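**Student:** Below are the chains, spelled out letter by letter.
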Amino acid sequence: MIVRSLKGVVLAACCAVVILPFLAVISTSLADQQQVTAAGGYVLWPSRPNLDAYRAILAGGVVTRALLVSVGITVVGTLLSLVCITLLAYSLSRPGSLLHRPILLTVLFTLLFAPGMIPMYLTIKQLGLLDSYWSLILPGLASGFQIIIMRAFFQEIPRELIDAARIDGAGELRVLLRIVLPLSRAVIAVVGLFNAVAYWNAFFNAMLYINDTEKWPLQLVLRTYVVDNSSLGVDAADLAGGFMPPAQSMQMAILVLSLVPIALVYPFLQKHFAKGILIGAVKG
Amino acid sequence: MTDARFSRRRFLTIGGSAALLAAAGGLTAACGGGGSATGARSATAKVTYPSYIPTTLVKPDLPATPDGVLAGFYRFPDNPVTAFDTKPGEGLGEISVLTNMFNPVPPGVNSNAYWQQLNDRLGATLDITMVPEADYLAKLSTVIASGDLPDIMLLSARLANRADILTRLCADLSGLLSGDAVKAYPFLANIPTDSWATTGYGGGIYAIPIPRAIVGTIMFSRDDLIEERGLSKELSSYDDFLALAKGLTDASKNRWAFGNPKGVIAFVGSMLDVPNKWRVEGGKFVSELEVEGRKEAVARVAEMVKAGLFHPDSAGGKLNLRDLFGNGTIALTPDGYAAWDILADTYRVDVGGLVAPGGKHRGGTPAFAITAFKKADEDRVRRLLKVCDWLAAPLGTSEYMFRKFGAEGVHYTWKDGRPEPTALGKAEVKLPLEYIADAPHVLGPRAKERVDAQRAFQERVVPTVVRDPSAALYSDTAVNKNGVLTKIIDTAELDIVSGRKPISAWDTAVAEWRRQGGDQIRRDYETALAKGN
Amino acid sequence: MALDLRPPPVRTAPPTAPRARTSRWRRDRFLLLLSLPGLLVIVLFHYVPMLGNVIAFKDYRPYLTIWEAPWVGLENFRVLFDGDPAFLNALTNTLVISLVQIVFVFPVPIALALLLNSLAGERVKRVVQSVLYLPHFMSWVVVVAIFQHMLGNAGLLNNFLRSHDLATVPLLGNPDLFLALITSQVIWKDAGWGTIIFLAALSRVDAQLYEASAIDGASKTRQLWHVTLPSIRGVIVLMLILKLGDVLTVGFEQIILQQKMVGTEVSEVLDTYVYSHGVVDGNWGVAAAVGLVKGLVGMVLVFGANKVAHLLGEKGLYSK
Chain Z
1 MIVRSLKGVV LAACCAVVIL PFLAVISTSL ADQQQVTAAG GYVLWPSRPN LDAYRAILAG
61 GVVTRALLVS VGITVVGTLL SLVCITLLAY SLSRPGSLLH RPILLTVLFT LLFAPGMIPM
121 YLTIKQLGLL DSYWSLILPG LASGFQIIIM RAFFQEIPRE LIDAARIDGA GELRVLLRIV
181 LPLSRAVIAV VGLFNAVAYW NAFFNAMLYI NDTEKWPLQL VLRTYVVDNS SLGVDAADLA
241 GGFMPPAQSM QMAILVLSLV PIALVYPFLQ KHFAKGILIG AVKG
Chain A
1 MTDARFSRRR FLTIGGSAAL LAAAGGLTAA CGGGGSATGA RSATAKVTYP SYIPTTLVKP
61 DLPATPDGVL AGFYRFPDNP VTAFDTKPGE GLGEISVLTN MFNPVPPGVN SNAYWQQLND
121 RLGATLDITM VPEADYLAKL STVIASGDLP DIMLLSARLA NRADILTRLC ADLSGLLSGD
181 AVKAYPFLAN IPTDSWATTG YGGGIYAIPI PRAIVGTIMF SRDDLIEERG LSKELSSYDD
241 FLALAKGLTD ASKNRWAFGN PKGVIAFVGS MLDVPNKWRV EGGKFVSELE VEGRKEAVAR
301 VAEMVKAGLF HPDSAGGKLN LRDLFGNGTI ALTPDGYAAW DILADTYRVD VGGLVAPGGK
361 HRGGTPAFAI TAFKKADEDR VRRLLKVCDW LAAPLGTSEY MFRKFGAEGV HYTWKDGRPE
421 PTALGKAEVK LPLEYIADAP HVLGPRAKER VDAQRAFQER VVPTVVRDPS AALYSDTAVN
481 KNGVLTKIID TAELDIVSGR KPISAWDTAV AEWRRQGGDQ IRRDYETALA KGN
Chain W
1 MALDLRPPPV RTAPPTAPRA RTSRWRRDRF LLLLSLPGLL VIVLFHYVPM LGNVIAFKDY
61 RPYLTIWEAP WVGLENFRVL FDGDPAFLNA LTNTLVISLV QIVFVFPVPI ALALLLNSLA
121 GERVKRVVQS VLYLPHFMSW VVVVAIFQHM LGNAGLLNNF LRSHDLATVP LLGNPDLFLA
181 LITSQVIWKD AGWGTIIFLA ALSRVDAQLY EASAIDGASK TRQLWHVTLP SIRGVIVLML
241 ILKLGDVLTV GFEQIILQQK MVGTEVSEVL DTYVYSHGVV DGNWGVAAAV GLVKGLVGMV
301 LVFGANKVAH LLGEKGLYSK
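Chains as they are written, first to last, in the UniProt record's numbering: chain Z, 1 to 284; chain A, 1 to 533; chain W, 1 to 320.
Keep in mind that the hints were calculated from the coordinates and are not lab data.
Mixed in with the good hints there might be a few duds.
As the list claims (entries may be wrong) - Calculated lysine-lysine pairs in the DSSO-like style (CA-CA distance at most 30 Å, straight line):
| # | chain 1 | residue 1 | chain 2 | residue 2 |
| --- | --- | --- | --- | --- |
| 1 | A | Lys404 | Z | Lys215 |
| 2 | A | Lys360 | A | Lys375 |
| 3 | W | Lys220 | Z | Lys7 |
| 4 | A | Lys448 | A | Lys360 |
| 5 | Z | Lys215 | W | Lys220 |
| 6 | Z | Lys215 | A | Lys501 |
| 7 | A | Lys448 | A | Lys59 |
| 8 | A | Lys233 | A | Lys426 |
| 9 | A | Lys501 | A | Lys277 |
| 10 | W | Lys243 | Z | Lys271 |
| 11 | A | Lys295 | A | Lys306 |
| 12 | Z | Lys271 | W | Lys307 |
| 13 | A | Lys284 | Z | Lys215 |
| 14 | A | Lys284 | A | Lys246 |
| 15 | A | Lys233 | A | Lys284 |
| 16 | A | Lys360 | A | Lys284 |
| 17 | A | Lys531 | A | Lys284 |
| 18 | A | Lys448 | A | Lys233 |
| 19 | A | Lys426 | A | Lys59 |
| 20 | A | Lys426 | A | Lys246 |
| 21 | Z | Lys7 | W | Lys307 |
| 22 | A | Lys415 | A | Lys374 |
| 23 | A | Lys253 | A | Lys284 |
To be verified - Over 10 Å on every C-beta distance to chain W, these chain A residues come out as not near it, computed from the model:
| # | residue |
| --- | --- |
| 24 | Phe84 |
| 25 | Gln117 |
| 26 | Leu159 |
| 27 | Trp278 |
| 28 | Asp313 |
| 29 | Asn327 |
| 30 | Thr329 |
| 31 | Val410 |
| 32 | Gly483 |
| 33 | Arg514 |
| 34 | Glu526 |
| 35 | Lys531 |
Just so you know, these numbers come straight off a predicted model, no measurement behind them.
Where is the CB? At the ideal position from N, CA and C, for every residue including glycine.
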C-alpha cells in the first residue's frame, strides 16, 4: 500500500513538473500583450484570454499550407523509412548470413561519422533534388541507430518460432511478414514514432535545400516568426537597424501549433505497448 | 561532384582580370603574416568610391547633414514623385536573389498579388530565395560552395573569406559606380560615403551597401521613470551617471537600471575616450582593447553589477531587454537607433537617448551588409544595378510607397496621414526587399515631437562621433578569426563583470587576443593603410 | 584494434570457402535483396557526402572546390593537439558531463519505464506517459527561457522571495551548480521520451513468465529482478554501448545557450570550443577534423564496450 501511494506521489510530482511550464506556454499564447509585458515574458494564467496570436499566425494561409506539407513529408517519410529500416534490420538479424558483418559495420559507422553540411548540399544538388520534397525525405530514410535497435528486437524473437516456420516451408518474406512483424509491433511503433518526430521537427535541411517558400515545412515557416533574443544584442541591433520580434504570445502560440499535431501521434501508438500479450498470442 | 562546379574553374583561370591581379597584390602584403594565402588588402587602394549626391527629388522637413545626421519627416510627403519612367528590369527575364529576412515568410509569388505587381513594375521576375537571418550564413556558405551563385546576393559582414569571395566570384562594379559614374543610379548615389566603406576590395568596388546611420547604438532611457524619481539625465561626469543608475534601481520592487553589461561597458568606455575598435596614431594601430580606459570601463561595470544596479540575470544574455525596458524592470538599455520608434510605439512609454558625459559618441556600423552580383556581361550587371536603384528609391517617391506598403487601396489605405495596411497588405507586403537594396534611413514620418527629439539627439552626438578607422580596411584575420577573438574577450569581460575573476584577468585575455590574431589584424591594417596612402 | 571481425559462427559450418559462399549466396540472396533499399540510402546520403570529409586535411575555402583546395596535412587537427589550456578544459568538462549523464541521466528513463510498467491501471499509465514525453518537443531555446523565468535570479521564485524579504536562491548563474542544472534540464526534457524504447522492450516480456513466477510465490520485487529486468537487459546494454559512442558529444545547444551565465570555465565543452574555433568563422576543415577524431574515439569506445559486454555474456551491439 505504501509502495503504491509512493508511486502515485512520484508520478504526480513528475507530471506537475512537466505540466507547469506547458501551462505557462499555453497561457502566454492566449494572453494579451499588456499582461505579457507586465509579467516580463511568461504568464501562468491569462487574465483576458484571446486567440489573437493564433489568428495572426493562421491568417493568409501560409502556415496552413506549410502544415499540409509537413504532414505529407512526415507520413510519406515515416512509411518509407519503416520499410527501409525493417527490411535492413531483418536482413541483419541473422548473424552468419552472407556479408552480414560488412553490412552491419556499414550501418554502424553512420552513427560515428557524419557528413558535413556542404558536401551534403553538393550531393543533394548533384542528384537534382534541390527544391524537391524528396530532398527532405530520402536522406533520412535509414537511420543507423534505428536499424540497430530494431535488429536487436528482431533478434530476441525466439529462434524456435522461425525455425519451425522454415520447416513448414516458409520463405524469408513469409517469415518476416507472418512471424517477425506481428511480434514486433512495439518496436515498429517506436521506430515509426522516432521517424515521424524527426521528419516533423526538421527545418535545417529544408532551409538549405528548398528555395521555394511554398514548399517549406511548418517548422521552417514558424521559425521565421521566432527571433532569438540573443541575436538582438547590441552589435546586432547596430546592424539590423531595428525590427520588433513578434510578441511573446505569438512565439508561444507557434510552439503550441508546432507541438500539438506530433504530440497527438503517441497516444494512438500506445496500444502497441500493451504488455505481455503478443508472444502469447502467436504461440497460442 | 566536381563536374557541377566547372564554372568555378573558369573564374580561377581569368588570370588577366583586375580582380586576380589585385588578389596577387594582397599576397605580397600578407608576407609578414605568413600562413594565410591572402592577407590584408586595402579597400582604399585606388578605389574611388561613388560620389555622394543627395537626391533632390524629395524635400524632407529636416534635411540630412553631410556628417551623418538623418533627414527627418513630420508627415508622408503629398503626391509622391514617380522617379522611374521605364521599367528598370526590362529584358532581364528572371533575376535570382538570395537574401535574409526578419519577417514571417510571405505567401509565394503565385498566391501573392503584391509580388506579381512588383514583378510587373520591375519588368522582370524577381525570384527571391529568403532565409531566416539566424540561418543565413549557413545557407550563403553552401550556395557559394556549390558554385551556383544567384544574380544578386546579400553578403553578411560575418562571412569568412569575404574579400576572396567578392574578388573571385562577384562582378567588379568599379566601372559602373566609381566617382560620378554612380549618377546613372541616382538613388545609389543618394547613399552616404560612410556606408560604401565595406564595398571596396583590391582597388575595386564589388558591392552596394545596405546603409545604416552612423549614430549606431543609443543608450535609451525611460524618461518617464527618470522624471518620476526626480532624477536628471543631463550627465556631466561618471558620478552623475552612477547616481542616475542608483536612483533608478529598487531591487525590492524588481527595478534595475540595466540589463546588458556589454552595452554599458561600451557606454562607459565612450566617457573614457576609448577608441571605436581601433585608433591610428602615426600609422600605428592601437586596439580599443589595449587602452587603459577600456579596462577601467570593465572594472566600473563590475562595480555597478556588484552594487546591484544590473538585473540579476543580465550576465546570461538571454533577457528580452525590450520587454523589460517596456515594463519598467530596467530603465536604461543600449539598442540600435531604429529601436527608438519601436520601443515608444510598442510600450507607449517616454523614450529618450542618454548622452555620455565627455562629449564622445561611439559610431555605428554604417552598413547592415553588402549586396554583390554574380559575374555577368556588363549590360546585365548594369540592369541589375538599375533594379537595385529602383529598390533604393527614398521616401517621397511612388516606388518607395509601393515597396514599403504595396498598392494604395489594395494593400493600404490612408488613415490620419499614415498608410494603414489592409489585411491583404499585412499578409503580402513582407518581402525582404530592404535587404537587397535600401535607401538611407530617415527619422519619421512621425509626430513632430518625436522626430524633433530624435533629431536633437543626433544633432548633439553625431558631430562628436568616433568613427572606426578600420571600417574601410580589410583584414582576413579580422573576419576569419572573429569568432575565436570575440569569445576570448567576451568571456573575460563576463567573468570579471560577474565577479568570477578579478580585473587582472583582463590583461591575460588581451594578451591571448593579441596572440591568437589581434596582432595579425594590426599588421594587416597597418599594411593596408600604408598601401592606401 | 578491439574490433571483432572474426567470421561469425555459421549454423552449417562451411567445409570449403568457395562452395560455402555459393550455398550461402543461394540461401541469403533474398536477405541481401531486402537490405538493398536501406543500403542504397546509406551509401548515397551518407557515404558519398562523407567523402567530403577529406577537407579535414585541406585548407578548404568555399570559393574553391573540395578537390582544388590545397592539402595541409594535419594542420586542421592542431586545434585538438596544440595543448591549448582552454581546449583541455573543454575536454575535461565534456568527459565529466558525459560521465555524470551516463550515471544520473541514463538510468532515469529505465526506472520511469519500470514504474509505469508496474502501474495497474492501463488508463492512468497511458495518460501519464503521454504527459511525460511532451517536453521532448520543446526546443532548448524555450526550455532555457522557461527555466530562467521560473528559477532565474529575477525569476518567479526569487522575485517572490525578494518581495517577502527572504534570502534569494541563486540557482542559475552559479558555476558550482551548472552541472546539476544542465543534468536536471536533460532529465526534465528527455526522460519521458527515453522511456519509450524501454516500454517497447517491456511489452515483450512474456506474460507466462510472470504467471509462472507468481505461482512460485515470488514477490513483486523478486519479479522485477528475476523476470522484468533480465528481459530488457539486452536493450539496456545496447543503449549504453551506443551512448558511449557519443561520450564526446554533450548537449551543444543547451550548453551554448547558457554559457554566458556561468562562464566558460565550467561550461566550455568540446563542441562549443570547436564551434568558436572553426564553425562560426566558416573554418570547415577544422570542424571536419574534429568530427573525424570524435568518430574514431567513439568507434574505439563502442567496440571496446561491445567486447566487454561479450565477456560479461551479453549480446551487445552485435551478437556472436
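**Student:** Go through the numbered hints given earlier and state which of them the structure violates, listing their numbers in rising order.
**Tutor:** Hint check: 2, 5, 6, 8, 12, 13, 14, 15, 20, 21, 22, 23, 26, 28, 30, 32 fail, others pass.
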